[in-house]
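Trainee: Letter by letter, the chains look like this.
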Amino acid sequence: MSGSNVPHPPVLEVENLSIGYHDGVAHRRVVHDVSFRIDPGEVVALVGESGSGKTTTAQSIIGLLHANGRIDGGSIRLNGTDIARWSDRQLDAVRGAKISLVPQDPASSLNPVKTIGAQVGEILRIHGVASGRDLEAQVISLLGRVGLSEPALRARQYPHELSGGMRQRVLIAIAVALKPQLIIADEPTSALDVTVQKRILDLIDELRTEFGTSVLLVTHDLGVAADRADRLVVLQDGRVQEAGATKVVLAAPRSAYTRQLLADAPSFSAVARKAPATAREKPQASGDDVIIVDGLVQDFVRTDGNGKSFRAVDDLSFRVRRGTTHAIVGESGSGKTTTIRAIVGFQKPTAGRIEIDGTDLSTLRGETLRQFRRKIQLVYQNPYGSLDPRQTVFDIVAEPLLNFAKLARPAREEKVRAILRRVGLPETALDRRPHALSGGQRQRVAIARALVLDPDVVVLDEAVSALDVTVQARILDLLDELQRDLGLTYLFVSHDLAVVRQISDTVSVLKDGRLVDGGTVEDVFERPGSDYTRELINAIPGQKRAALV
Amino acid sequence: MTTFDTIQDDAIASRHGQRAGGRFSLPHFVRRLPVGLALSWLVLAIAFLWAVAPWLFTSYNPLEGVGGEQLRRPDASHLLGTDALGRDLYARIVYGAVHSLTGAFVAVALGLVVGTTIGVIAGSVRRRVDDAIMRLVDVLLSIPPLMLSLSIIILLGFGTVNAAVAVGVTSVARFARLSRSEVVRVRRSDYVEAAFGSGGTFAAVLWRHVLPNSLTSVLAIAALQFGSAVLQISTLGFLGYGAPPPTPEWGLLIAEGRNYISTAWWLTTAPGVIVVLVVLAANRVSQSFGKVAA
Numbered sequence: 000m001s002g003s004n005v006p007h008p009p010v011l012e013v014e015n016l017s018i019g020y021h022d023g024v025a026h027r028r029v030v031h032d033v034s035f036r037i038d039p040g041e042v043v044a045l046v047g048e049s050g051s052g053k054t055t056t057a058q059s060i061i062g063l064l065h066a067n068g069r070i071d072g073g074s075i076r077l078n079g080t081d082i083a084r085w086s087d088r089q090l091d092a093v094r095g096a097k098i099s100l101v102p103q104d105p106a107s108s109l110n111p112v113k114t115i116g117a118q119v120g121e122i123l124r125i126h127g128v129a130s131g132r133d134l135e136a137q138v139i140s141l142l143g144r145v146g147l148s149e150p151a152l153r154a155r156q157y158p159h160e161l162s163g164g165m166r167q168r169v170l171i172a173i174a175v176a177l178k179p180q181l182i183i184a185d186e187p188t189s190a191l192d193v194t195v196q197k198r199i200l201d202l203i204d205e206l207r208t209e210f211g212t213s214v215l216l217v218t219h220d221l222g223v224a225a226d227r228a229d230r231l232v233v234l235q236d237g238r239v240q241e242a243g244a245t246k247v248v249l250a251a252p253r254s255a256y257t258r259q260l261l262a263d264a265p266s267f268s269a270v271a272r273k274a275p276a277t278a279r280e281k282p283q284a285s286g287d288d289v290i291i292v293d294g295l296v297q298d299f300v301r302t303d304g305n306g307k308s309f310r311a312v313d314d315l316s317f318r319v320r321r322g323t324t325h326a327i328v329g330e331s332g333s334g335k336t337t338t339i340r341a342i343v344g345f346q347k348p349t350a351g352r353i354e355i356d357g358t359d360l361s362t363l364r365g366e367t368l369r370q371f372r373r374k375i376q377l378v379y380q381n382p383y384g385s386l387d388p389r390q391t392v393f394d395i396v397a398e399p400l401l402n403f404a405k406l407a408r409p410a411r412e413e414k415v416r417a418i419l420r421r422v423g424l425p426e427t428a429l430d431r432r433p434h435a436l437s438g439g440q441r442q443r444v445a446i447a448r449a450l451v452l453d454p455d456v457v458v459l460d461e462a463v464s465a466l467d468v469t470v471q472a473r474i475l476d477l478l479d480e481l482q483r484d485l486g487l488t489y490l491f492v493s494h495d496l497a498v499v500r501q502i503s504d505t506v507s508v509l510k511d512g513r514l515v516d517g518g519t520v521e522d523v524f525e526r527p528g529s530d531y532t533r534e535l536i537n538a539i540p541g542q543k544r545a546a547l548v
Numbered sequence: 000m001t002t003f004d005t006i007q008d009d010a011i012a013s014r015h016g017q018r019a020g021g022r023f024s025l026p027h028f029v030r031r032l033p034v035g036l037a038l039s040w041l042v043l044a045i046a047f048l049w050a051v052a053p054w055l056f057t058s059y060n061p062l063e064g065v066g067g068e069q070l071r072r073p074d075a076s077h078l079l080g081t082d083a084l085g086r087d088l089y090a091r092i093v094y095g096a097v098h099s100l101t102g103a104f105v106a107v108a109l110g111l112v113v114g115t116t117i118g119v120i121a122g123s124v125r126r127r128v129d130d131a132i133m134r135l136v137d138v139l140l141s142i143p144p145l146m147l148s149l150s151i152i153i154l155l156g157f158g159t160v161n162a163a164v165a166v167g168v169t170s171v172a173r174f175a176r177l178s179r180s181e182v183v184r185v186r187r188s189d190y191v192e193a194a195f196g197s198g199g200t201f202a203a204v205l206w207r208h209v210l211p212n213s214l215t216s217v218l219a220i221a222a223l224q225f226g227s228a229v230l231q232i233s234t235l236g237f238l239g240y241g242a243p244p245p246t247p248e249w250g251l252l253i254a255e256g257r258n259y260i261s262t263a264w265w266l267t268t269a270p271g272v273i274v275v276l277v278v279l280a281a282n283r284v285s286q287s288f289g290k291v292a293a
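Residue numbers (numbering that gives the first Met the number 0), protein chains in the order written: chain S, 0 to 548; chain D, 0 to 293.
Hints are computed from structural coordinates only; laboratory data are not their basis. All clues given are correct.
Once the Cα atoms are required to be at most 20 Å apart in a straight line, the calculated SDA-like pairs of lysine to any residue come out as: (1) S:K197 / S:Y531; (2) S:K197 / S:E330; (3) S:K405 / D:R207; (4) S:K347 / D:R187; (5) S:K347 / D:R125.
With these hints in hand, go ahead and build the complete structure from the sequences.
Mentor: Laid out in structure tokens, this is it:
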């Protein structure tokens, strides 16, 4: 590139970078003196939890900070030129051509009213690389290069006609169109299923080797970072906690925070945690099955008018013993959510029998169904949506009591306080509203609400998927403790096999609404009975390290 | 990256909660209040005071003219001049506020209560009933509002209250549509399902969760509707369907001044400007409600 005599000048060199946001009242600094470098052809992972400043750092490199964000100090040198204070117009020449971005959410990052071809072609047109016939040909070859089937057809389609993984491929096609020196991939696979995630990451790897591009991988998933990156930069609260070659950091983490992350990441600790899980061995095995699902079928009538129905769950059967945890595993669209909605009684199955603690659900209607709800409670995936924003924590947790037990106010208050202590929330949280709580605290409130009625069964619908690993680990500990103390039965729905392996006793693997594999965790994970299960297990990130340790 | 989920942030969130009380202190609030919004509130406050205590603002009698003082230009003794019967125009506008504003208030209250009730019912019952109700609402929306209110006035007879009812009926459809869509949105949320899941009865869930969470934007529309109700009631007054003369209703004032527009421009201009100011102020305030809701 330049006539420098250094053998490998870094593509990107970030030095003492500080960034702050103006939140209307004060200037709040969120990134403090961050420094790292990326050499040609290297993958550097920026790892950290929500709020650690990793996305802010990545955005500043390509000049896409939010309007209220500002670089307070430091430099961002691209091939030796400081671009930290460049104007948008100056950056236009760099964006896409030298640095490109693979955004986080493929669902909202493509323009819904333009065809795929037009959106991929746009970058070629803007930078004046191609036009007309030539442009069309280049777009199609790009789409083919990122592994889309029938690229000519895809170019004419609109984003809604593509699956999440296909859309992410389109975004990658846009990012690599001009063969940039650096690709910033901001959580490129967080919104995707594990098998799709693996394929997308493989694709990025492959393109990197082919074009010699460097990659800055921004991720919260230490497993992904461990598998893919040459070097790690661990961020916490906007400060670099640790940086170094991936192998070194993973084998001998120097900072306490990195050690904590490693201990909490389910993909790494699976092996370590399994011992107590088997040692637990359910002493209270009274032997009865509290959940019996037999031949469950659920059809949905398509609303697009042709009257054909769509079978979401097909002939599903399993049993769960009292006091154990049963996991339902599958990718999006596999019928997990449909199954549990039928089990908690939110929808009537088309065929089949569901029995909870001896009660056949099909016999329940109106008031009897309402009374049945005491036995089984659901904890939702998203703690931001499942709590009424206008209620205080006390009201939220007390509400189920109002619906059933006619308790006097003092007794009710005592019960709510007790359950909140049980889930580890401070007394001061009682009068707060959900928005004043963190994600982990909200999920604790949701668990408290589920437990306040003393149910037999708690259904956890991806209940820890939206949380950071350290918070997730705390919530899993809490669930474990509650199960031992209260003899609860959990039905745990998840796409994350690493978590499932940690906490469940038995597993059902679903694909396209059918049961493809089932049994104890050991059986399913050690001796998977189907190719699909094997593929799922192989796609769990972080296996490089597991092999390494 | 807008979520804050680390353990450290658990601690930050708890500190944040304690600080929150101080962040919305009054001087701070006043400093950040936009000038336009402050002026709008001022206009509405003055109009409200005119309606409740008009005698504090003027010493003239709005109904009895003074001989020899007809059609005076605005000057120190008559701020906005006098009309053809020698009545002080400023006094008439001040005393007229109660008619225009109560009218608008009744109209909005009627639309809000009836419309929201219809909307909430439509949004929470089964599909067929919902469809039936909403098609009726569509029919109501397809009739031009002025024609609808004129027809109602002709059925009910003239008068301030009847004019208000007529205006109110035209806004029922808007309130119904909005509140239905809000109810449908809230009903789909996880917390409503969770409330059913924890054993809530239909009525309890509606009252505890659906209503409080769907009313914010309905209230914003109510403020907007207040402005347009002032305008519509003035229109009816102007056409002679509202309060009978010599009631100093704003629309009627404009109508009465019409004949003198070439010689006494202030008779139409002054009440016109007042109506415009009140309507604009109501719109601005409603907009700020909408921002808060978003």
